[in-house]
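**Student:** Sequence:
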Amino acid sequence: MAKTKTVYVCSNCGADSPKWIGKCPNCGEWNTYVEETVVKESPAARHGAAAFSPKAKSRPVPLRDITAEKEERLDMMDEELNRVLGGGLVRGSLVLIGGEPGIGKSTLVLQTVLKLPDLRILYVSGEESSKQLKMRADRIDPNNQNCLILCETNLEQIFAQAGNVKPDLLVIDSIQTIFTENIESSPGSIAQVRECSASILKYAKEEGVPVLLIGHINKEGSIAGPKVLEHIVDTVLQFEGDQHYMYRILRSIKNRFGSTAELGIYEMRQDGLRQVSNPSELLLTQNHEGLSGVAIAAAIEGIRPFLIETQALVSTAVYGTPQRSATGFDIRRMNMLLAVLEKRAGFKLAQKDVFLNIAGGLRVNDPAIDLAVLSSILSSSLDISIETGVCMAGEIGLSGEIRPVNRIEQRILEAEKLGFSRIFIPFNNLKGSNYSPKSPIEIVQVRKVEEAFRQLFG
1 MAKTKTVYVC
11 SNCGADSPKW
21 IGKCPNCGEW
31 NTYVEETVVK
41 ESPAARHGAA
51 AFSPKAKSRP
61 VPLRDITAEK
71 EERLDMMDEE
81 LNRVLGGGLV
91 RGSLVLIGGE
101 PGIGKSTLVL
111 QTVLKLPDLR
121 ILYVSGEESS
131 KQLKMRADRI
141 DPNNQNCLIL
151 CETNLEQIFA
161 QAGNVKPDLL
171 VIDSIQTIFT
181 ENIESSPGSI
191 AQVRECSASI
201 LKYAKEEGVP
211 VLLIGHINKE
221 GSIAGPKVLE
231 HIVDTVLQFE
241 GDQHYMYRIL
251 RSIKNRFGST
261 AELGIYEMRQ
271 DGLRQVSNPS
281 ELLLTQNHEG
291 LSGVAIAAAI
301 EGIRPFLIET
311 QALVSTAVYG
321 TPQRSATGFD
331 IRRMNMLLAV
341 LEKRAGFKLA
351 QKDVFLNIAG
361 GLRVNDPAID
371 LAVLSSILSS
381 SLDISIETGV
391 CMAGEIGLSG
401 EIRPVNRIEQ
411 RILEAEKLGF
421 SRIFIPFNNL
431 KGSNYSPKSP
441 IEIVQVRKVE
451 EAFRQLFG
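Residue numbering for the sequence shown follows our numbering, beginning at 1 and increasing consecutively.
Since the hints were derived computationally from the structure, they do not count as laboratory data. Please note that a few of the clues may not be correct.
Keeping only pairs whose Cα atoms sit at most 30 angstroms apart, straight-line, the calculated DSSO-like set for lysine-lysine is [unchecked claim]:
no., residue 1, residue 2
1, K19, K115
2, K448, K352
3, K115, K254
4, K134, K115
Using the sequences and the accompanying hints, generate a full structural model.
**Tutor:** Rendered as structure tokens:
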């Protein structure tokens, strides 16, 4: 007979303890243990003869006998979403979309399913009523509303309706509101999220139906619930952006069927999210001529090149300790670049405040924007503007050298397309390449930061 007991489970890593403890010995996080009620099976039921039955469904198969077939993908009618997913939604896959409240997760998913009139779609909402979804659908796309709406939080009822409807795509908004009757804990708890996710994964794999899960995030910015949730799903997409900006970024954190370096860019409008096919034109302001502290960088995220604007402000420190602040850029890397600027180029910024911003609310991890970051900081410090029509790409080493970056041809082509007249690149970065510019863009190859600064500021 099953026994019921109470344990404390870490909400970060899933480790359990018979009593509450302040610091998790497994992951080292503080105040993450929450009380959960679990049902424990008796040893006879768990280790019975059925567990060792020779009639098991799964059999070991030699690797040579397994045929690898290309995954069948669904076209989501959204170029940005298809790119992040790796070419489309794989049948039988489980995709988790996370993001802050009000960022537009439900809007993105609803407008995507409304573009698929040929598919039978079951949209399960545990947070909003059918009337609320109707109002949003009328605002987004009033012409196509064949999507089936189910306002339910009971997992068993959801599976019963899915068995009747037999959908081609299942959407659950959100996973933290779903509960199963097999677990005696409240919706959103660690045990409920874990069990519901495992059951949904089993349904997706057995029926071959792709499932889109919408998930909340906690105050640290990670997916709410146990860490095992991210291990269960096939793909984790992070929908991020500042609510004060119009741009939203869909970033792939985990993808078993594609690259994790891709990102999609959307623009929030009254009638939903609009795809941004050419982010370079939107991320560059056209009125920075004569302004100091602005440099244009040629960056790449995944396979997409785009030009971004790096803005810097250097001022005299008001207090004894100078401030260092970066938005959209790693603050530790900025401190390293400032040390290189002082040690290798001889510019003293130890008693000055330095503020750095990547325009448009974008967060960039490409090390190729190092040269643009240093150039914008130096431009603000000297109060000398960088010539219009100049962009740059290069990684800065600790000795002050400008290191080669990947896909330099794509960066140059993007600069050409947007009408830039000069681009700074690392020395010998084009070595072995058959690239020849299609327009008269000047390619300036530099070895060290001081050489680039002489070219920029004289």
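**Student:** Next, verify each hint and record whether it holds.
**Tutor:** Against the structure, the hints:
1. K19 <-> K115: Distance ~50 angstroms between K19 and K115 Cα, so the pair is violated.
2. K448 <-> K352: holds, 24 angstroms
3. K115 <-> K254: holds, 25 angstroms
4. K134 <-> K115: holds, 15 angstroms
The structure is inconsistent with hint 1 alone, although it conforms to all the rest.
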